[in-house]
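Chemist: Given next are the chains, with one letter for each unit.
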Amino acid sequence: DIQMTQSPSSLSASVGDRVTITCRASQTIGNFLNWYQQKPGKGPKLLIYGVSTLQSGVPSRFSGSGSGTDFALTINTLQPEDFATYFCQQSYITPLTFGGGTRVEI
Amino acid sequence: QVQLQESGPGLVKPSETLSLTCTVSGGSLNNYYWSWIRQTPGKGLEWIGYIYHSGSAYYNPSVKSRVIISVDTSKNQFSLKLSSVTAADTALYYCARDQQVVTAQPAFDIWGQGTTVTVSS
Numbered sequence: 010d011i012q013m014t015q016s017p018s019s020l021s022a023s024v025g026d027r028v029t030i031t032c033r034a035s036q037t038i039g040n041f042l043n044w045y046q047q048k049p050g051k052g053p054k055l056l057i058y059g060v061s062t063l064q065s066g067v068p069s070r071f072s073g074s075g076s077g078t079d080f081a082l083t084i085n086t087l088q089p090e091d092f093a094t095y096f097c098q099q100s101y102i103t104p105l106t107f108g109g110g111t112r113v114e115i
Numbered sequence: 172q173v174q175l176q177e178s179g180p181g182l183v184k185p186s187e188t189l190s191l192t193c194t195v196s197g198g199s200l201n202n203y204y205w206s207w208i209r210q211t212p213g214k215g216l217e218w219i220g221y222i223y224h225s226g227s228a229y230y231n232p233s234v235k236s237r238v239i240i241s242v243d244t245s246k247n248q249f250s251l252k253l254s255s256v257t258a259a260d261t262a263l264y265y266c267a268r269d270q271q272v273v274t275a276q277p278a279f280d281i282w283g284q285g286t287t288v289t290v291s292s
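In order, the protein sequences belong to chains A and B.
One rule links them: number in this note's numbering = place in the first sequence (from 1) + 9.
One rule links them: number in this note's numbering = place in the second sequence (from 1) + 171.
Excised from the complex, chain A in its bound form (with noise of 0.2 Å):
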């Protein structure tokens, strides 16, 4: 199985601040990486597909980049609705797997 590891397992951040987080296959993953958040009670909601394609309907200040085996996640101007959990996940290989979150807090 490809691992997908992610980093830091949770900062903390302010309204406003600009936040990367970061997350490593263990092997090779092309473009083939997403990234998720998650509010307490809910479902994840994706952010982002194949690196860097925001899903519609979400805020321009999200994005992704990387390629191969390190990606990134950056939310620029953090708003008060960031504050959450993001996972993010290989889609290259089955069994699909996720990365073990990064929870954002203020």
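Keep in mind the hints are simulated off the structure, nothing from the lab.
Keep in mind the model is a prediction, meaning the values are calculated, not measured.
Be aware that a few hints might be false.
Straight-line distance between alpha carbons at most 30 Å, and here's what the computed DSSO-like set of lysine-lysine pairs gives [as the list claims (entries may be wrong)]:
| hint | chain 1 | residue 1 | chain 2 | residue 2 |
| --- | --- | --- | --- | --- |
| 1 | B | Lys214 | A | Lys54 |
| 2 | B | Lys252 | A | Lys51 |
| 3 | B | Lys235 | B | Lys214 |
| 4 | B | Lys184 | B | Lys235 |
| 5 | A | Lys51 | B | Lys214 |
| 6 | B | Lys184 | A | Lys51 |
| 7 | B | Lys246 | B | Lys184 |
| 8 | A | Lys54 | B | Lys246 |
| 9 | B | Lys235 | A | Lys54 |
| 10 | A | Lys48 | B | Lys252 |
| 11 | B | Lys235 | B | Lys246 |
| 12 | B | Lys252 | B | Lys214 |
| 13 | B | Lys184 | B | Lys214 |
| 14 | B | Lys252 | A | Lys54 |
| 15 | B | Lys252 | B | Lys235 |
| 16 | B | Lys252 | B | Lys184 |
| 17 | A | Lys48 | B | Lys214 |
| 18 | B | Lys246 | A | Lys51 |
| 19 | B | Lys235 | A | Lys51 |
Reference listing, derived: stretches of chain B covered by chain A, where coverage requires no fewer than 3 residues with Cβ under 8 Å from a Cβ of chain A [what the hints assert, rightly or not]:
| hint | region |
| --- | --- |
| 20 | 196 to 205 |
| 21 | 225 to 234 |
Even glycine gets a Cβ: it sits at the ideal position worked out from N, Cα and C.
Mind docking chain B on chain A? Use the hints.
Modeler: Only chain B this time, still in chain A's reference frame:
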């Protein structure tokens, strides 16, 4: 818009079979892959498997010997059966839609709200 809703027993006895159904409303099962994913505090998010509307299914090897995912297009539903459950199968179970046929980039674009299943006698 398309919505997914999981349903099924919240409590299952050890060694028995966990059965969940996901009802798709506002859209068709056609041209999408449909997944079951579970979440626990310890193991995080784990993909269980998915099924295409035609009935072709693919499973995570971690549960492959115990799982069956099926689809009922007449009811716009797909289902999960996980046999011989143990406490390790206690989790929040989600159904989700995979958009790969439409966008050529696999990703779970729609999720249900999740249902908690506890395995206990």
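Chemist: Starting from B:Lys252, check that the Cα of A:Lys54 is at most 30 Å away, please.
Modeler: 25 Å, holds
Chemist: Does the alpha-carbon distance linking B:Lys252 and A:Lys51 stay inside the 30 Å limit?
Modeler: Holds, at about 23 Å.
Chemist: B:Lys184 and B:Lys235 were given as a pair; does the straight-line alpha-carbon distance stay at or below 30 Å?
Modeler: With a Cα-Cα distance of about 20 Å, the restraint between B:Lys184 and B:Lys235 holds, given a limit of 30 Å.
Chemist: Quick one, are B:Lys246 and A:Lys51 close enough, alpha carbons at most 30 Å?
Modeler: 25 Å, holds
Chemist: If you draw a straight line from the CA of B:Lys235 to the CA of A:Lys54, is it 30 Å or shorter?
Modeler: 26 Å, holds
Chemist: Mind checking the alpha carbons of A:Lys51 and B:Lys214 for me, to see if they're no more than 30 Å apart?
Modeler: Holds - the C-alpha atoms of B:Lys214 and A:Lys51 are around 18 Å apart, at most 30 Å.
Chemist: Is the straight-line distance between the alpha-carbon of B:Lys235 and that of B:Lys214 30 Å or less?
Modeler: 18 Å, holds
Chemist: CA of B:Lys246 to CA of B:Lys184, is that 30 Å or under?
Modeler: 28 Å, holds
Chemist: Checking one constraint from the list: CA of B:Lys252 to CA of B:Lys214, max 30 Å. Satisfied?
Modeler: The hint holds at about 20 Å.
Chemist: Check whether the Cα positions of B:Lys184 and A:Lys51 lie no farther apart than 30 Å.
Modeler: Holds. B:Lys184 to A:Lys51 sits at ~26 Å (cutoff 30 Å).
Chemist: Keeping to a limit of 30 Å between CA atoms, is the pair of B:Lys184 and B:Lys214 held or broken?
Modeler: Answer holds: B:Lys184 to B:Lys214 is near 21 Å, not above 30 Å.
Chemist: Taking 8 Å as the Cβ threshold, is the statement that the region 225 to 234 of chain B is covered by chain A upheld or broken by the three-residue rule?
Modeler: It holds: at least three residues are needed, and the region 225 to 234 of chain B offers 4 whose Cβ sits within less than 8 Å of chain A.
Violation of the numbered hints given earlier is confined to hint 20; every other hint is satisfied by the structure.
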